[in-house]
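Trainee: Sequence:
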Amino acid sequence: MTALPPLPYDTPADEHDLAVMRQQLGRDMRGVVSIARRCGCGRPAVVRTAPRLEDGTPFPTSFYLTLPWLTLVLSRLEATGAMAELTDRLSGEEGLAAGYRRAHERYLARRAEIGEAEEVRHVSAGGMPTRVKCLHALAGQALAEGPGVNPVADRVLAGLDGVIPELVCRCESAEAGAGPDPEARGEGEAR
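The sequence shown begins at 1 in the UniProt record's numbering and counts up one residue at a time.
A portion of the hints provided could be inaccurate.
Now the in silico label distances, taken between C-beta atoms and shown as ranges [unchecked claim]:
| no. | residue 1 | residue 2 | range |
| --- | --- | --- | --- |
| 1 | Asp-28 | Glu-78 | 20 to 28 Å |
| 2 | His-122 | Gly-81 | 22 to 30 Å |
| 3 | Gly-92 | Asp-28 | 36 to 44 Å |
| 4 | Gly-92 | Ala-158 | 13 to 21 Å |
| 5 | Pro-165 | Leu-72 | 15 to 23 Å |
| 6 | Asp-88 | His-122 | 18 to 26 Å |
| 7 | Arg-155 | Pro-5 | 21 to 29 Å |
Derived by calculation from the structure, the hints in this document are not laboratory data. The structure presented is a predicted model; accordingly, all values stated were derived computationally and were not measured. Yeah, the Cβ is synthetic: ideal placement off N, Cα and C, and Gly gets one too.
Hey, can you work out the whole structure from these sequences and the hints?
Mentor: Structure, rendered in structure tokens:
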């Protein structure tokens with residue numbers, strides 16, 4: 001396989017990011033490799049994680065969604081039965097199914113860039129390549145990679161206000177831990 005292009009929004013994670021993720025999740029984020037996508041205010045939105053955590057646990061979720069408002073929106077969408085409907089579409093739309101299989105292969109290739117965990121070598125995320133199991137994981141891949149990589153996630157995200165083409169900020173306030181704005185962090189144009 002040829003080398004994949006760099007992730008378009010990937011930036012290093014720093015101590016401030018770890019503190020923000022702790023606030024977002026209510027716990028420490030483990031296995032952090034980088035921030036694969038940031039919110040419009042600069043907070044972590046998708047975290048790239050190692051395939052093996054510090055304690056040796058295999059961890060297949062390479063793109064972990066941390067942005068609270070988007071996590072909530074996707075959880076509500078999952079509660080409507082959207083995953084079963086999307087899985088049915090995979091059965092009936094060969095183009096969608098083929099794109100989803102490519103997204104699965106891409107997910108595995110991205111994880112291999114940063115390490116291996118034999119226990120999860122062929123496991124991607126979100127139910128890929130045959131079903132839709134977790135919209136959060138699929139959205140994480142789509143937001144980290146950009147549009148056109150995961151067609152199922154692209155469909156879901158296109159129906160949500162404030163996600164495509166730019167991930168708008170709906171965080172509570174800069175005083176609640178957002179830190180410096182993206183321009184101050186040197187990330188304004190790169191995102």
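Trainee: Each hint should be assessed against the structure and marked as holding or not.
Mentor: Hint check results:
{"no.": "1", "hint": "Asp-28 x Glu-78: 20 to 28 Å", "verdict": "holds (25 Å)"}
{"no.": "2", "hint": "His-122 x Gly-81: 22 to 30 Å", "verdict": "holds (28 Å)"}
{"no.": "3", "hint": "Gly-92 x Asp-28: 36 to 44 Å", "verdict": "holds (42 Å)"}
{"no.": "4", "hint": "Gly-92 x Ala-158: 13 to 21 Å", "verdict": "holds (19 Å)"}
{"no.": "5", "hint": "Pro-165 x Leu-72: 15 to 23 Å", "verdict": "holds (21 Å)"}
{"no.": "6", "hint": "Asp-88 x His-122: 18 to 26 Å", "verdict": "holds (24 Å)"}
{"no.": "7", "hint": "Arg-155 x Pro-5: 21 to 29 Å", "verdict": "holds (23 Å)"}
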